[in-house]
Amino acid sequence: MSIKEKEQEIIDEFAIYEDWMDKYEYIIELGKELPLIEEQYKTEDRLIKGCQSQVWLNAECIDNKMNFTADSDAIITKGIIALLIRVVNDESPEDVARSEFKFIKEIGLQEHLSPTRSNGLVSMVKDMKLNALKAVK
Amino acid sequence: MNIKAIRSQFPILEEKIHGKPLVYFDNGATTQKPLSVIQRVNDYYSKENANIHRGVHTLSQEATTAYENARNTIQEYLGAKQSHEILFTKGTTDSINLVAFSFGELLNADDEVIISAMEHHSNIVPWQMLCERKGCKLRVIPMNEKGELELDVYDTLLSEKTKLVAVTHISNALGTVNNVEHIIEKAHAVGAKVLIDGAQSIQHIKVNVQDLGCDFYAFSGHKLFGPTGIGVLYGKEEILNQMPPYQGGGDMIKEVTLEKTTYNELPHKFEAGTPNIAGGIGLGTAFEFLNSLNMEDVLKHEQELLNYATEELSKIEGIQFYGEAEEKTSVISFLIDGLHPYDVGTLLDKMGIAVRTGHHCTQPIMDQFGIPGTIRASFALYNTKEEIDLFIAALNRIIPILQD
Numbered sequence: 001m002s003i004k005e006k007e008q009e010i011i012d013e014f015a016i017y018e019d020w021m022d023k024y025e026y027i028i029e030l031g032k033e034l035p036l037i038e039e040q041y042k043t044e045d046r047l048i049k050g051c052q053s054q055v056w057l058n059a060e061c062i063d064n065k066m067n068f069t070a071d072s073d074a075i076i077t078k079g080i081i082a083l084l085i086r087v088v089n090d091e092s093p094e095d096v097a098r099s100e101f102k103f104i105k106e107i108g109l110q111e112h113l114s115p116t117r118s119n120g121l122v123s124m125v126k127d128m129k130l131n132a133l134k135a136v137k
Numbered sequence: 001m002n003i004k005a006i007r008s009q010f011p012i013l014e015e016k017i018h019g020k021p022l023v024y025f026d027n028g029a030t031t032q033k034p035l036s037v038i039q040r041v042n043d044y045y046s047k048e049n050a051n052i053h054r055g056v057h058t059l060s061q062e063a064t065t066a067y068e069n070a071r072n073t074i075q076e077y078l079g080a081k082q083s084h085e086i087l088f089t090k091g092t093t094d095s096i097n098l099v100a101f102s103f104g105e106l107l108n109a110d111d112e113v114i115i116s117a118m119e120h121h122s123n124i125v126p127w128q129m130l131c132e133r134k135g136c137k138l139r140v141i142p143m144n145e146k147g148e149l150e151l152d153v154y155d156t157l158l159s160e161k162t163k164l165v166a167v168t169h170i171s172n173a174l175g176t177v178n179n180v181e182h183i184i185e186k187a188h189a190v191g192a193k194v195l196i197d198g199a200q201s202i203q204h205i206k207v208n209v210q211d212l213g214c215d216f217y218a219f220s221g222h223k224l225f226g227p228t229g230i231g232v233l234y235g236k237e238e239i240l241n242q243m244p245p246y247q248g249g250g251d252m253i254k255e256v257t258l259e260k261t262t263y264n265e266l267p268h269k270f271e272a273g274t275p276n277i278a279g280g281i282g283l284g285t286a287f288e289f290l291n292s293l294n295m296e297d298v299l300k301h302e303q304e305l306l307n308y309a310t311e312e313l314s315k316i317e318g319i320q321f322y323g324e325a326e327e328k329t330s331v332i333s334f335l336i337d338g339l340h341p342y343d344v345g346t347l348l349d350k351m352g353i354a355v356r357t358g359h360h361c362t363q364p365i366m367d368q369f370g371i372p373g374t375i376r377a378s379f380a381l382y383n384t385k386e387e388i389d390l391f392i393a394a395l396n397r398i399i400p401i402l403q404d
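Quick mapping for you: the protein sequence lines, in order, are chains D and Z. Okay, so the first sequence: first residue is 1 according to full-length UniProt numbering, each after it adds one. Okay, so the second sequence: first residue is 1 according to full-length UniProt numbering, each after it adds one.
No lab work stands behind these hints: they were computed from the structure. Where hints are given, some of them may not hold.
As the list claims (entries may be wrong) - Result set (DMTMM-like, lysine to aspartate or glutamate): computed pairs, CA atoms no more than 25 Å apart in a straight line:
(1) 42(D) to 367(Z)
(2) 137(D) to 13(D)
(3) 32(D) to 337(Z)
Computed from a predicted model, the values in this text were never measured in an experiment.
Take the sequences, apply the hints, and build the full model.
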């Protein structure tokens, strides 16, 4: 599945939620299921400090496919990370570097990716793309 | 106090957030504005807008009168001796920076400045910058686990080297009301001056600067029902006259030649450039609003809210309060076991409830408690017990969602 197809799949999934709380309950479930970054990778250089929440991100490129693992101290932040990672994992570094994550806006979660929110997510997206750029052959 | 009548003066309280009635518990960050203030700012721009102080035309004179009348209203409310002891600034931060620079120019390398462990960053960083610039030493009054200053330690920090003590009247993160009378008296005994950060005070308690005896009192307009971008530094005339200007520009000069400039008198010496005229006039109206209230009734109502909310929150399993001083205003900082403040704040918002989460610009306090931040509910005179009930119900709904 391409990045675009995966994004559309998420948009369709979210279309059934009319109530904000239902939507957030789903995000929180995703956050709880997020495969965690391995403890050894939870180092200072992988830590993205936000005012509100913190994010750890580890990036690898194996056989020209990006693989991200991440964690956050806040569960809603984790849920959104789960969505972002689902879209870009197993994709080529070129595609990841180009992705704009527009689906986040479509599903009404744009506020979490606002630079003023300071939850670490904006920097995490930037770091994901930077890591992908570094991996481009 | 008729809360319904007070609420009707604040149009924003009728707003809905995500389809839910707004419950505004972020008053420590900024208060809402009464219609009188909104209309006054609107009227200024609609009917009186002109630059002040040097115009010969009618509008300029009217705007000048309105601006200076606002200064007089504030002087009277605060009990300052002279109206020129009321300097208009951008807000508390600007007021403190003014003192840190201009009063700071009078300090030498061996001098000491005392702050406390519960200061907002804006009453820490300007002093650190001063100490770096002048080589002075910064000393800190410690805080106990209830969130109260250890004044017996303060007494031992004071010496003839102490030139300034800068402490907050009321803690923004914990609500603690400090014994500033004691702090001022002891500082004056060693010849030190005192700046009180009053950002969290005037909206809750009646402040009289001469009764307090402080040398400087700094606050923001937007936290006491006034516009943003305007604040006040009260300073004693004698000290302000000794201090060099903060910023250079128009309005603050007596005479300028290309070789040398002489400075204007107070308050203009510290008010370079075209000021926030609409803000100043609106702030005057905010003080008229305060004048229309009985502040003892306001405090009583807010204490009832504080006690009720504390009681109701205590029933939540795993709740931990931060800031349990004997004397505190209507601020409640807390955490719930296993729940991150960001998650709680996000979900409360979806239910129409506005609280603040994070470190509240007081990282040293959070470090002392060993936490990254708290959830803070801060009440104002227009809040009600019914709103607290909505808040508790919302918390009880989101806790099981967030807990594993």
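Hints breached by this structure: 2
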